[in-house]
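Visitor: The residues making up each chain are set out below.
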Amino acid sequence: MASAHKDIEKILQTCLDSILSGQGTVESALASYPGLEEVLRPQIEAALWIDARKKIFDARPGFITESRKRLESQIQKELSKRPVRPESPIHRFLESLQGRKVALQFSLVLIMLAVFILVSVSGVAYASRETVPGDILYPVKIAQERVEVTFTFSDKGKAQLYTSFAQHRLLEIQVLVLEGRYEFLQSTVRQYENQIGQAVRLVNEVARHNSSEAQALATQLEEVLSGQTMVLEILSKAVPQNRKGEIDNAVDVSKNGVMAMQELRSSITPLSTITPSPSLTNTATPTATPTPTPSISPSPPGFTRTLPARATVSPPSLTASPSAAATISVQIPLTPTPSLKPTQPPAKTDIPLPVATVRPSDTPEPIKTQKTPKPTNTHRPTPQPTNTHHPTSEP
Amino acid sequence: MPNWQDLEDIQLIAIAKNGEAEAFGELYERYAESIFRFLYVRLSNRLDAEDLTAEVFMRVWRSLSGYREQGIPFLAYLFRIARNALIDHYRSSGRSGEKVSIDDSPVQDLHPDAGEAAMTSLEHQEIREVLNQLRDDYRTVLVLRFLSELTPVETAQVMGRSPGAVRVLQHRALTALRNLIEGT
Numbered sequence: 001m002a003s004a005h006k007d008i009e010k011i012l013q014t015c016l017d018s019i020l021s022g023q024g025t026v027e028s029a030l031a032s033y034p035g036l037e038e039v040l041r042p043q044i045e046a047a048l049w050i051d052a053r054k055k056i057f058d059a060r061p062g063f064i065t066e067s068r069k070r071l072e073s074q075i076q077k078e079l080s081k082r083p084v085r086p087e088s089p090i091h092r093f094l095e096s097l098q099g100r101k102v103a104l105q106f107s108l109v110l111i112m113l114a115v116f117i118l119v120s121v122s123g124v125a126y127a128s129r130e131t132v133p134g135d136i137l138y139p140v141k142i143a144q145e146r147v148e149v150t151f152t153f154s155d156k157g158k159a160q161l162y163t164s165f166a167q168h169r170l171l172e173i174q175v176l177v178l179e180g181r182y183e184f185l186q187s188t189v190r191q192y193e194n195q196i197g198q199a200v201r202l203v204n205e206v207a208r209h210n211s212s213e214a215q216a217l218a219t220q221l222e223e224v225l226s227g228q229t230m231v232l233e234i235l236s237k238a239v240p241q242n243r244k245g246e247i248d249n250a251v252d253v254s255k256n257g258v259m260a261m262q263e264l265r266s267s268i269t270p271l272s273t274i275t276p277s278p279s280l281t282n283t284a285t286p287t288a289t290p291t292p293t294p295s296i297s298p299s300p301p302g303f304t305r306t307l308p309a310r311a312t313v314s315p316p317s318l319t320a321s322p323s324a325a326a327t328i329s330v331q332i333p334l335t336p337t338p339s340l341k342p343t344q345p346p347a348k349t350d351i352p353l354p355v356a357t358v359r360p361s362d363t364p365e366p367i368k369t370q371k372t373p374k375p376t377n378t379h380r381p382t383p384q385p386t387n388t389h390h391p392t393s394e395p
Numbered sequence: 001m002p003n004w005q006d007l008e009d010i011q012l013i014a015i016a017k018n019g020e021a022e023a024f025g026e027l028y029e030r031y032a033e034s035i036f037r038f039l040y041v042r043l044s045n046r047l048d049a050e051d052l053t054a055e056v057f058m059r060v061w062r063s064l065s066g067y068r069e070q071g072i073p074f075l076a077y078l079f080r081i082a083r084n085a086l087i088d089h090y091r092s093s094g095r096s097g098e099k100v101s102i103d104d105s106p107v108q109d110l111h112p113d114a115g116e117a118a119m120t121s122l123e124h125q126e127i128r129e130v131l132n133q134l135r136d137d138y139r140t141v142l143v144l145r146f147l148s149e150l151t152p153v154e155t156a157q158v159m160g161r162s163p164g165a166v167r168v169l170q171h172r173a174l175t176a177l178r179n180l181i182e183g184t
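These protein sequences, in sequence, are chains A and B.
In this text, residue positions in the first sequence follow the working numbering: the first is 1, and each later residue adds one.
In this text, residue positions in the second sequence follow the working numbering: the first is 1, and each later residue adds one.
Okay, chain A solo, but in the shape it has when bound:
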């Protein structure tokens, strides 16, 4: 049955070839296969139905000739814009061997030998530094980068490495575009995007542990990405239309990276820049911490980021009346307690992080601090609050 089907298909093809080429008619073709007329006729008629309508799909008269001229003219324009690609010595050497199979094989052996020697003297890593995708030594460059990542153990170091690798990829993209080697463009752009993604992720990781380092890394990455975005936007205009999408994707990734770094920086900036200052006490309003409960929330929104929540759980407010809360609640975190005295540096030393001065671990336990202040008498949590430890009291 299967072979009969195959025969039918072959016979149908033979009939169609004969009819469509004008060598035979439907009847003459069917007459050659008397037993198959019933099967073949509907098929042939269907083929003739569509064949008869092919004229509808013809191009307009003159279209091909006219559009050919436009096409040739457009090609000439593109050729005039195409940069002259400098040929490498290796390329010239291989060109000179073109057509000579034995010589080419011999040259390939020589090249492989040369590569081997380079590897053995460890010069290959250096030689691969300037390579771009498609070059023989390019995989060595990539392998070297992987090794660097493997042997870098800190998130900060890895973030810096990926930022640097992304810069390499961008340079390679530029070379590929300049030389018209678009076949490697997509993979290089993807690597670039991946490395930007890794750098952004790692900077965020660093931010979880060390805000000042993350701040520096974010600033660095943001600057690099801003520059890269500009370069990519220029490249996007230089590449052919069918390659534009790839570059535009890279532009988007780069811009997203810039935005991510800006957001990260804005989220960690207050912690690292605000120091205990007079404004903290001056700007506080009486409504900031009016509640007389120990679980008092960290007062005004402006302070919530600058001071850890526990630092503002001020024992004096337990007994402070609402009218006195203005001075009490704000000054308490900076007020010296017996336990803090030996370790607290003077305010004039300009400590960058308020976190350091009011670390939760340094705060006294509620039982102890409740004993020391007597707010009902002085409206102050401690007898000597500002003279010794308040930032303003020092020159």
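These are computed hints drawn from the structure, not numbers from a lab.
C-beta: ideal position from N, C-alpha, C; glycine also.
Please note: incorrect hints may appear among the correct ones.
To be verified - Restricting the straight-line Cα-Cα distance to at most 25 Å, the calculated cross-link-like pairs of lysine to aspartate or glutamate (DMTMM-like) are:
#: 1; chain 1: A; residue 1: 69; chain 2: B; residue 2: 33
#: 2; chain 1: A; residue 1: 55; chain 2: B; residue 2: 149
#: 3; chain 1: B; residue 1: 17; chain 2: A; residue 2: 66
#: 4; chain 1: A; residue 1: 55; chain 2: B; residue 2: 20
#: 5; chain 1: A; residue 1: 69; chain 2: B; residue 2: 8
#: 6; chain 1: A; residue 1: 77; chain 2: A; residue 2: 233
#: 7; chain 1: B; residue 1: 17; chain 2: A; residue 2: 233
#: 8; chain 1: A; residue 1: 54; chain 2: B; residue 2: 182
#: 9; chain 1: A; residue 1: 244; chain 2: B; residue 2: 55
Said to hold, decoys possible - Only some residues are given here: those of chain A computed to face chain B with a beta carbon under 8 Å:
#: 10; residue: 9
#: 11; residue: 10
#: 12; residue: 38
#: 13; residue: 40
#: 14; residue: 45
#: 15; residue: 68
#: 16; residue: 74
#: 17; residue: 190
#: 18; residue: 197
Unchecked claim - Across the chosen pairs, the derived CB separations fall in these ranges:
#: 19; chain 1: A; residue 1: 171; chain 2: B; residue 2: 22; range: 34 to 44 Å
#: 20; chain 1: A; residue 1: 171; chain 2: B; residue 2: 18; range: 23 to 33 Å
#: 21; chain 1: A; residue 1: 107; chain 2: B; residue 2: 2; range: 46 to 56 Å
Following the hints, complete the assembly by docking chain B onto the known chain A.
Guide: Then chain B, alone, in the frame of chain A:
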């Protein structure tokens, strides 16, 4: 200047790779009609098909340096790019809701008879409606064989199948088409 018409495709490609626009123009002249029909049967608008035909050949030109004769035949390469261009066109049209620019197409000069144009357009729509009811591979084999006028071997190369598989597909596609025609 060589007589381009006497040269084989492979020779023209080699010359075109060296920056000879006219050699590529000859390739265009040879295959533009087939590509145009392949595209036009999938588009509702003749002008879109014309623009896209030009776009396909520009894409082929730009990627010609990467083309190797040992890979796929030039015709198959051409149709593959045409198919990709068609997909891109669908995407961009779907996204923007706009048609491809037709500013530089001198359609009025070449098609003076508006009545004939309307009739042709109507028939074009009818055939498209019939073909659109077919499975995609059935439609493709019929278009390549009977509209783009490719041989069974060329059709097989374009579709990436064996000539035997194409014959089977053609047989089934014609059966399906016959049923549709009878039904209308």
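Visitor: Taking the hints in turn, state whether each one holds.
Guide: Hints versus structure:
no., hint, verdict
1, A:69 to B:33, "15 Å, holds"
2, A:55 to B:149, "12 Å, holds"
3, B:17 to A:66, "23 Å, holds"
4, A:55 to B:20, "32 Å, violated"
5, A:69 to B:8, "21 Å, holds"
6, A:77 to A:233, "22 Å, holds"
7, B:17 to A:233, "29 Å, violated"
8, A:54 to B:182, "19 Å, holds"
9, A:244 to B:55, "15 Å, holds"
10, 9, "4 Å, holds"
11, 10, "7 Å, holds"
12, 38, "13 Å, violated"
13, 40, "10 Å, violated"
14, 45, "7 Å, holds"
15, 68, "5 Å, holds"
16, 74, "7 Å, holds"
17, 190, "18 Å, violated"
18, 197, "25 Å, violated"
19, A:171 to B:22: 34 to 44 Å, "37 Å, holds"
20, A:171 to B:18: 23 to 33 Å, "29 Å, holds"
21, A:107 to B:2: 46 to 56 Å, "32 Å, violated"
Hints 4, 7, 12, 13, 17, 18 and 21 from the earlier list are contradicted by this structure; the remaining hints agree with it.
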